[in-house]
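Engineer: Chains as they are written, first to last, in the working numbering: chain A, 7 to 322; chain B, 87 to 415; chain C, 966 to 1259.
Hints were generated in silico from the structure; no laboratory data involved.
Warning: the hint list may mix true and false statements.
Said to hold, decoys possible - Below, a sample of chain A positions facing chain C; criterion: calculated Cβ distance under 10 angstroms: (1) Thr-29; (2) Arg-79; (3) Phe-157; (4) Thr-252; (5) Ala-253; (6) Arg-282; (7) Ile-298.
Using N, Cα and C, we set each Cβ at its ideal position, and we do this for glycine too.
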Amino acid sequence: MFRFIIMRFGGLIGVLLAVSILTFFLMHAVPGGPFDAMTASTAQMIPLELVRDLEVKYGLDKPLWTQYWLFLRAALRGDFGYSFYASGRTVTELVQQHWPYSIHVGLLTLAFSSVVGLALGIVAAMNPGRWPDYFGTGVSLFCMTVPSFVFAKLMQYIFSVRLGLLPTSGWEGWAEPKYWILPVLSNSLGPVLTLQRYTRSAIADVMRANYVRTARAKGLGEAKVTLIHIFKNALTPVVTVAGPMTASLITGSIFIESIFRIPGLGWYTNVSISRRDYPLILASTLLWTALISVTYFVTDIIYALLDPRVAYMKER
Amino acid sequence: MTEAIVQTVDLVKSFAVRRGFFAQRKTRLYAVDRVSLSINAGETLGLVGESGCGKSTLGLTLMQLYEPTSGQVYFDGDNLVGMPSAQLNKVRRKMQMIYQDPYAALDPRMNIEEILTEPMIIHGIGTRHERLAEARRLMDIVGLPQDALGRFPSEFSGGQQQRIGIARALMLQPKLIICDEPVSSLDVSVQAQILNLLRDLQKEFDLTYLFISHNIAVTRFMSRRIGVMYLGRLTEIGPGATIVEQPRHPYTQALISAVPDPQPTDTRRQRRLSGDVPSPIDRPSGCTFHPRCPFAQAECANTEPQLRPFGPEHFVACHFAEKTAATTS
Amino acid sequence: MTTTETTAIAAPFKHRSVGQAFWFRFRHNRRAMIALGFIILEILAAVFAPVVAPYPPDKIHYEALWSLPTKDHWMGTDDLGRDVLSRIIYGGRVSISVGVLAQTMQVLIGLPIGAIAGLLGGWIDYAFMRLIDILSSVPSLLLYLLMMLVLPRGFGSIIIALSVTGWIGIARLVRGQVLSLKATDYVRAARGMGANTRHIIVAHLLRNTLSPVMVSVTLGIPGAMMAEAGLSFLGIGISPPMSSWGQMIGLYQAYIQTSWHLTVFPALVLSVTMLAWFTLGDGLRDAFDPSIQV
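The following block holds chain A by itself, in its conformation from the complex (with noise of 0.2 angstroms):
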């Protein structure tokens, strides 16, 4: 088990290295460097001594593998640099920033969408045929053939122009539901969707083990002991996705955030990356790669201690 972790742990870092690497040649691959967007938005022409000097400064002139080696050895301390954009503001700064919106819209979504996404589940499996069951896969189907954007545009439409009950955009925090109530709702359409066939097809599966059991409840006991039976088995598709959908819950959803301009770190990664933004981009990538390798690796884990077959089987 011990070895199981500690493999399972090296793949981790090791993901993290390869995807850094890939990230960092990859965007130097790029023609045209950082400071080409700053003379296209400044409409000035910068002399050619000051962009060397610039680049000397960023260390952009030293062999590629110099740069990513001293990259790696900053970031490990945390530091991820100076913003080529934003000049002055440290890269740490700027995530710091912008981060705690993204978070906020993910946790209300992830609330949001567990309460919906469950209930429907639930009373779908538990009334097979009728018309819980056709609500709940007929919300399932709206939810994947919609994509997001679109739904955000329509509601967006709808309550913001037409009725004027909501504002377009803005955030003034968890108090404000006024602001955060079409992009959570905008933001749910997936996890809704996953959560509900998950759950229901779960419970259905329980349903049809018990179902004979449950006919013949003689008393609240065994009705009682069934009910908890299912609602354990409720849970479980939730755990298994809640791991790596709270990830990508948490770094922000780039169209949510730019339908209704809230200035989270989805909406800022896509920024810098037409700005060439590389400090960001970078720590960007990390951040969001690192949070689902954690989420996949905190899973694992905890599925081998569940069931350490698991852990024995050579992976194959």
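Given chain A's structure and the hints, the job is docking chains B and C onto it.
Structural biologist: Chains B and C only, in chain A's frame:
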């Protein structure tokens, strides 16, 4: 004197297993532990034992479908172990197998014609016409209608599926057929049909069988000689009549005495064994049977008994075989 | 010489090949058939766009800029006076071809790799699993963005970006299939008969892997279309003058108040198309599975 068509010498097949709470201890599971036997041309050697004794594994290892851990397998004079695969595939023409689950042995997406002609296609024999003709011929031989050729395995009963498997095995005119529990999953009445079919085919085509089964009565019916396996080791081997009527190894005696007698007129003393079959991973030392053996002595826990001769073609792996007087009649 | 058995066939219906049984089941799934019809119509419209569209997509109607739906322009016109319906039909070309081409590439890359990893095992399989770990830890949207950074804008780049990120799904599926097929008795029997790897692939693996792969592809096409729509929406996918539904939604999202038609129609068409493809995929999957009642 008929010569041996198949011979195994100290054949071993073991698997690596991790045990222990933190999956740290590595041990080996010896599914087949130094088994040496030979089968003569035209005869049927039966192999019996309980589940997990390694008899099926032995059959698969003999065919090289499992790679032997050590030991040799001689088929028609050539050692199959370590043979390069191109050569091995050619040798496989003469060595075929019939499987325990007749349906699982047939590709559900192939129709019967494709299933039967596959062996010939693999070895590039015959034109399409000739292959089809041969398939038709074999359908007749095993007693299946010609129009079944266009159908799919799921449309047939278990007995018919097994016939298809037999027909397929015969397509390349093999010398040896390994029958791995061929009737265990069939209804009793169908079992009789299949067994009779197998015997008829043996006479007609001069086939050699290795007949693996956990059913002693069936094995006795089919085999000239019978071998008994326990936890990977061959404990006794001899002529069918001897094994069934005068077994010498205590385990064999217990097995035989457990076979229900349709005419329970004589009061036989039933050999009851204490305990359960131990796990094949943690086998007892010395003679693996000693914890359950009524004749066990100190020596049995220390030294592993080898097969020693006890009569014409009769070998027993027991230190005290002389003392285990037959009590089955 | 041996007894002939009566041919008591277990199946209650007359003999059907595997393909016929599948088609029978599919035909009776009404939703799937409707979806199939719709998709065929869409594909025809896309192929025969020059004939079907009322106007060329680039034609500028100076007299009707920003026009809401009228009888001349059933879906209105855009800021340059181009007919929206025509642009949607031509946009359909782009969306559908992106979906199909991206999926095809994914299969071409993923299927052989997954099959080889499953068949050969050993270090090849190990390397494959590591690669999957890496690629699946990076969120695909991010990968797309990074790739679109490197590649020149345009149709081909989108296909490449989608293929490179998406082949893993099919590879994983095929690998799993191959692994479980390897363990079946009939593949083992084929080996016992002396079959080499090539024969096993051609005779057994192909036909037994076909159905899951087909289902995966049918469900993957709308996924690719959705991804393209998202990228175009953000502005890094298909650029004008080529039109795609996602692009149209993105370009005109700010004008939703007055010119709702510019956003709503592409959105509707996109959603309905997704629905049709997903229903088709579900129908295929149900038709392949004999245990599901028809």
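Engineer: List, from low to high, the hint numbers that the structure doesn't satisfy.
Structural biologist: 2, 4
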